[in-house]
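Enquirer: The task is simple: from the sequences and hints, build the whole structure.
As a plain string of letters, each chain reads:
There are 2 protein chains.
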Amino acid sequence: MYKKIDQKDIEFLKSVCGVENILVGEEINEDYSHDELGGVEKYPEVLVNVHSTEEVSKIMKYAYENNIPVTPRGQGTGLVGAAVAIYGGIMINLSQMNKIIELDEENLTLTVEPGVLLMTIGQYVSERDLFYPPDPGEKSATIGGNINTNAGGMRAVKYGVTRDYVRGLEVVLANGEVINVGGKVVKNSSGYSIKDLLVGSEGTLGIVTKAILKLLPLPKKDISLLIPFSDLGTAIETVPKIIKSKCIPTAIEFMERDVILAAEEFLGKKFPDNTSDAYLLLKFDGNSKEEIEKAYDQVAKLCLECGAYDVFISDTQERNESIWSARGAFLEAIKATTTEMDECDVVVPRDKVAEFIKFTNELQETLNVRIKSFGHAGDGNLHIYILRDELNKSEWNTKLKETFEKMYEKSRELNGQVSGEHGIGYAKKEYLNESQSESYMEIIKNIKLAFDSKNILNPGKIY
Amino acid sequence: MYKKIDQKDIEFLKSVCGVENILVGEEINEDYSHDELGGVEKYPEVLVNVHSTEEVSKIMKYAYENNIPVTPRGQGTGLVGAAVAIYGGIMINLSQMNKIIELDEENLTLTVEPGVLLMTIGQYVSERDLFYPPDPGEKSATIGGNINTNAGGMRAVKYGVTRDYVRGLEVVLANGEVINVGGKVVKNSSGYSIKDLLVGSEGTLGIVTKAILKLLPLPKKDISLLIPFSDLGTAIETVPKIIKSKCIPTAIEFMERDVILAAEEFLGKKFPDNTSDAYLLLKFDGNSKEEIEKAYDQVAKLCLECGAYDVFISDTQERNESIWSARGAFLEAIKATTTEMDECDVVVPRDKVAEFIKFTNELQETLNVRIKSFGHAGDGNLHIYILRDELNKSEWNTKLKETFEKMYEKSRELNGQVSGEHGIGYAKKEYLNESQSESYMEIIKNIKLAFDSKNILNPGKIY
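Sequence lines, in order, name chains A and B.
So the first sequence is numbered by full-length UniProt numbering: it starts at 1 and just counts up by one.
So the second sequence is numbered by full-length UniProt numbering: it starts at 1 and just counts up by one.
It should be emphasised that the hints constitute simulated quantities derived from the structure, not laboratory data.
Treat the hints with care, as some may be off.
Identical copies go unnamed one by one, so any copy, or any two together, can satisfy a pair.
[Said to hold, decoys possible] As a list, the in silico DSBU-like pairs of lysine-lysine whose alpha-carbon atoms are at most 30 Å apart:
1) LYS210 - LYS241
2) LYS244 - LYS210
3) LYS289 - LYS335
4) LYS289 - LYS401
5) LYS358 - LYS214
6) LYS61 - LYS8
7) LYS210 - LYS410
8) LYS301 - LYS289
9) LYS401 - LYS14
10) LYS270 - LYS429
11) LYS294 - LYS410
12) LYS61 - LYS270
13) LYS14 - LYS301
Expert: Put into structure tokens, the structure is as follows:
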């Protein structure tokens with residue numbers, strides 16, 4: 001059992017971080033009791049706003065000696081309850097550790113604190129003609145959160161995921177010790193890759209207090225194609241053919257008409273087209289129009305051969321931004337159409353996306369529940385939302401569980417994985433458990449204990 | 001203490017793999033007592049040629065129950081003794097598990113057994129207009145070996161390392177259980193990334209019996225630039241400027257005249273130029289000449305401004321192959337000039353390469369030992385060879401230890417890592433230990449125990 005927070009603990013925390021950075025009881029804003037989806041709720045006993053690695057280290061050392069659970073938190077934009085303090089204890093809010101520390105142009109790295117927002121990084125580097133490729137829809141997430149879920153986003157088709165852009169980390173361990181893994185080096189085969197293990201570990205193995213990110217030169221030109229189809233099945237079945245054609249776009253998203261309408265209403269802005277039932281949205285980037293036009297010409301032709309109604313080419317900055325910002329708002333837009341929702345973030349092989357979406361459409365009928373989806377057709381990572389609408393609490397819980405069980409079962413059948421980028425957190429633990437063997441889960445547990453033998457760091461998550 | 005192999009064990013192994021695949025005592029070829037550098041020597045008690053995952057699983061289950069150490073082995077092209085059976089026991093030779101299992105063009109994956117050679121993969125995919133980017137010099141290594149050292153190679157500047165191209169693995173654990181990690185999926189945030197931990201684990205956490213590799217479309221055009229400089233310092237100092245110019249080549253190698261002369265003699269073929277003291281060798285690739293020519297023009301100009309004597313452009317297939325095959329032969333060519341050698345595979349930030357090379361040149365003088373280097377200037381990964389020449393065994397050991405200590409100390413000073421791509425194995429354990437904190441090494445050890453509580457899988461390596 002964990003120790004409960006008492007006055008002595010509060011005094012210690014105040015001595016480390018200053019009185020103004022320690023919040024208890026009713027001083028803690030309701031936001032800190034849940035994350036973006038809200039299905040998992042619990043207040044921490046104390047919320048601490050930290051401003052340095054040294055503070056985090058001192059808190060962890062104290063928590064370790066006193067057996068107090070600690071939950072690290074960024075902007076709380078997660079969707080699986082990973083940043084909820086389900087055992088109470090201390091919540092360390094890292095969002096004020098938000099400095100960009102160094103841009104190193106000779107090594108093409110950016111060193112940041114964990115609380116820097118994804119949108120801040122995007123703007124900072126693009127102003128300098130540089131590029132941080134990971135591009136999750138939620139731009140107000142912190143980079144620390146992105147690292148902890150190994151966020152992928154829309155450009156993963158061409159550029160990969162967050163892990164591919166983390167070169168080095170400074171991490172505070174459960175016992176308060178500070179370690180550095182990786183660095184500015186481009187290659188590393190010096191023992192087990194602790195860096196790659198920490199990325200995606202959802203704050204259960206260590207607290208990231210600094211990250212060295214890999215940058216690329218900014219592609220000078222990008223164009224987007226918005227491609228209407230008669231139905232989603234036809235649209236999605238085109239995607240493996242695009243991949244097979246060897247013209248790999250930067251991003252391939254799919255969307256349905258009603259999600260577009262919801263986004264138009266949510267943003268109060270028109271989408272370039274909303275007359276068809278289903279769309280693919282593609283992006284190509286490169287250093288010149290000539291470099292990319294052969295690829296997008298070929299893909300446009302292929303889509304028309306596969307039944308697309310038309311191909312709308314968007315090559316102005318303004319128009320591109322309007323399309324992609326609408327895409328970025330889909331989650332919020334769907335959320336605004338219902339009372340509550342939960343999500344399924346499975347990833348399946350690219351050629352199984354159509355089958356999975358067809359399955360969820362059938363589920364909508366057989367289980368009589370409203371399901372909306374959009375997602376990354378190009379990398380097989382789907383974002384499927386189950387909407388509560390007018391269901392009462394108990395009906396909702398039953399319906400949700402039933403829907404999830406069928407979806408994750410289908411995903412396993414298609415050699416998919418439980419989460420493509422949102423993580424396991426608290427909400428998806430049982431589905432991870434069902435998807436893996438006992439031995440595998442035993443390894444996961446033993447790795448956790450290798451880092452945190454007292455299980456005080458974000459306990460109750462992942463396994 | 002481990003159990004010694006007895007007749008009963010031999011009978012068991014014969015019953016699993018067939019009499020012809022079990023070799024003991026003098027039947028074991030001397031090759032299996034060491035790897036490519038030969039500094040670490042020990043025969044296994046029994047050598048087993050395996051042909052299926054099931055055989056590997058049965059052997060591990062038996063070894064686990066009987067406490068017998070097992071060393072997995074591919075082609076033995078390693079350089080740090082990782083595939084040497086330093087505790088005797090069973091050596092599992094995986095090089096006959098060498099089938100290409102499946103090319104999936106819709107998911108752009110290639111599924112292979114671990115014994116497939118790197119050169120076989122390269123040829124197989126390029127014939128199908130596809131591309132497996134990792135490109136270590138040693139093309140006769142197995143893909144299993146490449147995965148276990150997280151080999152990087154020459155194209156890492158643009159394309160990254162082996163880990164970036166491993167999507168999924170089938171692995172036999174120490175207790176004989178078979179697990180699958182990752183898969184054909186492009187993204188994955190489903191618990192700790194066991195896949196990324198296994199890559200680079202040098203056969204100590206599990207035995208890779210199948211790998212799903214990520215492929216890219218084959219770039220249709222590549223050109224190489226061979227750029228002579230008056231001296232190595234001037235050449236290498238140009239590299240961070242190239243990176244800073246935001247024209248990122250596929251590869252940036254450095255080489256000195258005497259290494260080129262050695263390669264010419266070793267191969268019996270002329271290199272395009274050998275009149276200057278130092279060279280950079282660059283490659284650019286893309287889908288058309290137009291796409292890449294702006295980049296290489298700009299880099300060529302930059303090199304001339306930085307003191308290059310000339311820029312030789314090579315854009316025919318034949319000429320490119322002759323240059324890069326010479327580069328691929330450097331290690332063997334240097335080896336042929338001396339009696340014995342050992343290597344240092346440090347990786348430092350790209351802007352510290354010049355300083356490190358200057359340091360090794362000074363060491364050559366102060367320690368009076370012959371040192372040759374070449375390597376990946378573009379990613380900071382150096383291959384530095386210390387040559388024994390006429391030193392007697394005891395002088396050699398002393399000299400080598402002294403040289404290594406100074407080099408690894410310098411690497412730590414420059415925020416480098418012990419190994420960029422060759423791994424730690426047996427030979428570099430003390431330098432890994434010196435470069436990391438006690439807590440860090442404790443985590444490494446605990447991770448090993450999380451997978452292999454009896455420490456039977458390739459024991460005595462990494463830590």
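Enquirer: Indicate, hint by hint, whether the structure satisfies it.
Expert: Against the structure, the hints come out as follows:
When the C-alpha separation of LYS210 and LYS241 is checked against a cutoff of 30 Å, the pair qualifies only between copies, where the shortest distance is 26 Å, while the shortest distance within a copy is 41 Å. For the identical chains of this complex, LYS244 and LYS210 are inter-copy neighbours only, at 23 Å across copies versus 39 Å inside a copy, given an alpha-carbon limit of 30 Å. For the identical chains of this complex, LYS289 and LYS335 are neighbours neither inside a copy (37 Å) nor across copies (48 Å), given an alpha-carbon limit of 30 Å. Taking the shortest Cα distances, LYS289 and LYS401 never come within 30 Å of each other, neither inside one copy (48 Å) nor across copies (55 Å).
Taking the shortest alpha-carbon separations for LYS358 and LYS214, only the inter-copy value of 27 Å comes in at or below 30 Å, while the best intra-copy value is 38 Å. For the homomeric pair LYS61 and LYS8, the shortest alpha-carbon distance inside one copy (15 Å) is at most 30 Å, but the shortest distance between copies (52 Å) is not. In this assembly of identical chains, LYS210 and LYS410 lie within 30 Å of each other by CA distance solely across copies; the values are 24 Å between and 39 Å within a copy. Taking CA atoms no more than 30 Å apart as the test, LYS301 paired with LYS289 passes in both settings, with 18 Å inside one copy and 24 Å between copies.
Within a single copy, LYS401 and LYS14 get their C-alpha atoms no closer than 42 Å, and across copies no closer than 51 Å, so neither meets the 30 Å cut-off. In this assembly of identical chains, LYS270 and LYS429 lie within 30 Å of each other by CA distance neither inside one copy nor across copies; the values are 39 Å within and 61 Å between. Proximity of LYS294 and LYS410 under a CA criterion of 30 Å is satisfied in neither setting, with 38 Å inside one chain copy and 49 Å between copies. In this assembly of identical chains, the alpha carbons of LYS61 and LYS270 never lie at most 30 Å apart, being 53 Å within a copy and 63 Å across copies at closest.
For the homomeric pair LYS14 and LYS301, neither the shortest alpha-carbon distance inside one copy (64 Å) nor that between copies (59 Å) is at most 30 Å.
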